[in-house]
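So the chains spell out like this:
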Amino acid sequence: MSTRVMPFRGSLTSREQVSVYEFSWAAIIFIPLVAVLIQIFISVKVRFLPIVDLPFMVTIFFATARRNPITGCLTGCVIGLMQDLFAGPSHYLGMYGIALTIIGYLASSLGVKIDVDNPGSRFLITFGFFGLHQGVYYGVAHYLLRQGLQWSWSHMAISALANATIGIFVYKFLDRFKQK
Amino acid sequence: MDTFLGRYRNLLVLAAILFAQIIGLALQVRRPTDSGETRLIRLWAVSAVTPIESAVIHTQEWVKNLWTTYIYLHGVRRENRELRAEIAQMKIEETRLAEDARMARRIQSLLAFKEQYIDSTIAAQVIGTSGSEQSRVLYIDKGSNDGITTDMAVITPGGIVGKIAQVFPDSSQVLPINDQFSGVGAALKDSRLQGILKGSPSGATTLQYIMSDEKVVPGEEVVTSGGDRIFPKGLPVGKVVSSEPGKDLFLNIRVVPSAQLDQLEEVLVVTKITEKMPDAKDLGPLRASDILAERLPSVPTKTEVDAAGNAKPEGAAASGTAPTGTGAGTAAHPATAGPGSKPGVGATTIPNKPAGAAATPHTISPGAAAETNGTAKPKATSPANGRAAGTAATAQPGEAGVQSNGAASTPAPKRVKPAPEAAPSAPPEQPSTSPAGAPPQP
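Residue numbers (the working numbering), protein chains in the order written: chain A, 1098 to 1277; chain B, -1 to 440.
Derived by calculation from the structure, the hints in this document are not laboratory data. Remember, it's a predicted structure, so these values are computed and weren't measured experimentally. All residues carry an ideal CB built from backbone N, CA and C; glycine is no exception. Heads up, some of the hints might be wrong.
[Unchecked claim] Over the 12 angstroms line for every Cβ pair with chain B, so calculated as not near, a few chain A residues:
{"id": "1", "residue": "Ile1125"}
{"id": "2", "residue": "Ile1128"}
{"id": "3", "residue": "Phe1138"}
{"id": "4", "residue": "Ile1167"}
{"id": "5", "residue": "Gly1217"}
{"id": "6", "residue": "Trp1248"}
{"id": "7", "residue": "Phe1266"}
[Said to hold, decoys possible] Selected chain B positions facing chain A (Cβ under 10 angstroms, derived; list incomplete):
{"id": "8", "residue": "Gly4"}
{"id": "9", "residue": "Arg5"}
{"id": "10", "residue": "Asn8"}
{"id": "11", "residue": "Ile20"}
{"id": "12", "residue": "Ala24"}
{"id": "13", "residue": "Gln26"}
{"id": "14", "residue": "Val47"}
{"id": "15", "residue": "Trp60"}
{"id": "16", "residue": "Glu84"}
{"id": "17", "residue": "Gln87"}
{"id": "18", "residue": "Gly126"}
{"id": "19", "residue": "Arg134"}
{"id": "20", "residue": "Val135"}
{"id": "21", "residue": "Leu136"}
{"id": "22", "residue": "Gln178"}
{"id": "23", "residue": "Gly201"}
Produce the entire structure from the sequences given, and follow the hints as far as they go.
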């Protein structure tokens, strides 16, 4: 069993210790890759899929499971850059990279402090971080690159809700790859 | 120092990664696509992934085709019957449309309009999307190896899809019309108001830059205007769903695209567009129904009186002829219009058989000035035309450029430029002229 335990540094839950999971190299490489590919190619057939952000969910999953801010932000960076590669011509490499780097860092930092293994907290984390993810992306596009993006609170809320709901099942599925 | 680095190690790593990415962004912005490195890494990524996806999609299509073509044949006969019935209906419709098209071509030839034709297309399959909401780009399985270049139009039979944004060896990236960075020159089909069709982050398309004092009715069709030099003019774009006053004196017109942008599987890439003049020679003879169809409500118009006291319409060009104000037995043909004639309206003097006068052959003669009996009689009651007086030779309003011995001709619209080969080719002594070589109609 490769699960480690680490002490809480700000006890926000009743537990005193949280588990730090590890993954095989194959899972670390292929899960993000498959998530990005599904996002890109399956959405040809399933057109609501762009609302659902699988790479974002995978970033949160790895960050909260491994609970290491450095690996969290590196994972987010890599997954975000992969997502950037397939985006449109007006999309610069690094836009998703920056957003997911921050998300990876914050999710893993949060994972150290609270229990992120139950569905309720996963729902809330995904919901909240999705809004942050969209906000960072918008900020980069609007303020750094001067792109005229439109911001819609309602659309963002619906997307966040959808991601948080679907995320519960995605995380449940991905839990199988945790090494114990 | 060690304590500082150790304490803030995580934050420092985060800052370093973000800094590196921001620097990377800045480099890209300064050198967008021709810098090589960015372009190359995208090229590598897309080139590495698209063959896999192509294989998956084509395998899926193959299995689907196997099922639908060989196994799932239930209901094919019934469907065949329905299709035949539909074809019969469409043939009837096609006949009507062909008549309209002929008329349009005649009018275009009269006005020396150049038409854009789609010369060649390449069929391509949609194999991927950007996978994000911020970008709605599509990937197709044809690239530079197939002759695709950037800025080519991508269409479906239903309507336009977008344009080629980036080209890779075996795949291309399509910027659809509902992407927020897309812009298409579009016009409302009926009112001909022109604007720019733009996408949005939500995928909704709006027609912009149409003044708010214009009236736009929901349901009106939107077509390409050809102004963007990418899409040929007249391709279906979509339909107006709503129109309401927006910011800055412009209407906010929401348009639903004709093409099913969220269900695209196959598209056509327009690889060649040619411009050519429509040829009026091949249109065939006019029929009585055409003449009747072109008639408009008659409004009496003023005629000029020349020095000799002959009434003369403004748009008349054939010298030696003068309108006499009565049905003098000539039959000015609908398709003959002189310089200054209004598009779409030819000389529509009804060709009732005037006894005693030369029956004028019906000809399609773009640019021809007039069709007359060659007489320059100032009076309608000349002996030669006397028997025909009172026949229904009535020129319609706006049908200028015709001199006939029939009713008073009408002034020419001032907006229209005369055809270059117009009046001089119609000598007065010729009963009918046909510079375009159109065959006379009995």
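Checked hints:
no.: 1; hint: Ile1125; verdict: holds (17 angstroms)
no.: 2; hint: Ile1128; verdict: holds (16 angstroms)
no.: 3; hint: Phe1138; verdict: violated (5 angstroms)
no.: 4; hint: Ile1167; verdict: violated (5 angstroms)
no.: 5; hint: Gly1217; verdict: holds (26 angstroms)
no.: 6; hint: Trp1248; verdict: violated (8 angstroms)
no.: 7; hint: Phe1266; verdict: holds (19 angstroms)
no.: 8; hint: Gly4; verdict: violated (13 angstroms)
no.: 9; hint: Arg5; verdict: violated (13 angstroms)
no.: 10; hint: Asn8; verdict: holds (4 angstroms)
no.: 11; hint: Ile20; verdict: holds (7 angstroms)
no.: 12; hint: Ala24; verdict: holds (8 angstroms)
no.: 13; hint: Gln26; verdict: holds (5 angstroms)
no.: 14; hint: Val47; verdict: holds (7 angstroms)
no.: 15; hint: Trp60; verdict: violated (16 angstroms)
no.: 16; hint: Glu84; verdict: violated (28 angstroms)
no.: 17; hint: Gln87; verdict: violated (32 angstroms)
no.: 18; hint: Gly126; verdict: holds (5 angstroms)
no.: 19; hint: Arg134; verdict: holds (7 angstroms)
no.: 20; hint: Val135; verdict: holds (4 angstroms)
no.: 21; hint: Leu136; verdict: holds (8 angstroms)
no.: 22; hint: Gln178; verdict: holds (7 angstroms)
no.: 23; hint: Gly201; verdict: holds (9 angstroms)
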